[in-house]
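Visitor: Residues per chain, in single letters:
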Amino acid sequence: KAGVTQTPRYLIKTRGQQVTLSCSPISGHRSVSWYQQTPGQGLQFLFEYFSETQRNKGNFPGRFSGRQFSNSRSEMNVSTLELGDSALYLCASSFGLAGGRETQYFGPGTRLLVL
Amino acid sequence: SQKIEQNSEALNIQEGKTATLTCNYTNYSPAYLQWYRQDPGRGPVFLLLIRENEKEKRKERLKVTFDTTLKQSLFHITASQPADSATYLCAPRGTGANNLFFGTGTRLTVIP
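Sequence order for the protein chains is A and B. So for the first sequence, my numbering puts the first residue at 1; every next one is plus one. So for the second sequence, my numbering puts the first residue at 1; every next one is plus one.
Treat the hints as calculated values from the structure; they're not laboratory data. From a predicted model like this one, the values you see are computed outputs, not experimental measurements. Among the clues, some could well be false.
Below, a list of computed lysine-lysine pairs in the DSS-like style, where the Cα atoms sit at most 27 Å apart [to be verified]:
(1) B:K57 <-> B:K17
(2) B:K3 <-> B:K63
(3) B:K71 <-> A:K57
(4) B:K17 <-> B:K71
(5) B:K3 <-> A:K57
(6) B:K17 <-> B:K55
This is chain A alone, in the form it adopts within the complex (with noise of 0.2 Å):
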């Protein structure tokens, strides 16, 4: 069974610019949420999107934001990029039906570079 994939995986951007990553889950799987990664922040959670509705959000401003299709495809959307930005975004699929029951399957990431 394929994995989680996401696109592009490098992605440099100006700052204002705004940006556009996608999340093709597992098959089946119909959860799709969205992390960002920095060094010194860790892991943080940004939102999840269960069957095409944000279900869970975590504290980020709104210029994060995102969407899910009905084939469960997720695409996560940042308008006007600032420097502190830059950062690994993951997105991570499961079924969505079991709580904390659930393993998160993640993709590779995306890494983009604001300049």
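Starting from the known structure of chain A, arrange chain B on it as the hints suggest.
Guide: Same frame as chain A, but now just chain B:
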């Protein structure tokens, strides 16, 4: 607010010794606790899950304990090997958004 802390940012141990990593959480009552391993430049990979009514869980050279009174989990790697060098993340799992938070991570280096 919820807080998940792992004992130290980095831990160096000699090959063959037992590595012990600590995860402490506050303002939270998770029903499960998961541990993940992350190698540089890659996404985390699930290792073990322990339930709140289980005191200990083992898988090969890995052992996890879960003390809901102390609000703490310990993660042990016995007979450690250089290949065990990675960052280890704990993830107390409850409900809602708390279900998806991770600890700060501990970077383990096993020295040959």
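Visitor: All hints are to be evaluated individually against the structure, with a verdict given for each.
Guide: Verification of the hints:
1. Distance restraint check for K57 (chain B) and K17 (chain B): the Cα-Cα separation of roughly 19 Å lies within the 27 Å cut-off, and the hinted pair is therefore satisfied.
2. For the proposed pair K3 (chain B) and K63 (chain B), the alpha carbon gap of about 23 Å is at most 27 Å, so the pair holds.
3. Only pairs whose Cα atoms come within 27 Å are accepted, and K71 (chain B) paired with K57 (chain A) is accepted, the gap being roughly 24 Å.
4. As the CA atoms of K17 (chain B) and K71 (chain B) are separated by approximately 26 Å, the hinted pair is consistent with the 27 Å bound.
5. Only pairs whose Cα atoms come within 27 Å are accepted, and K3 (chain B) paired with K57 (chain A) is accepted, the gap being roughly 16 Å.
6. Taken as a hint, the K17 (chain B) and K55 (chain B) pair is honoured in the structure, with Cα atoms around 23 Å apart against an allowance of 27 Å.
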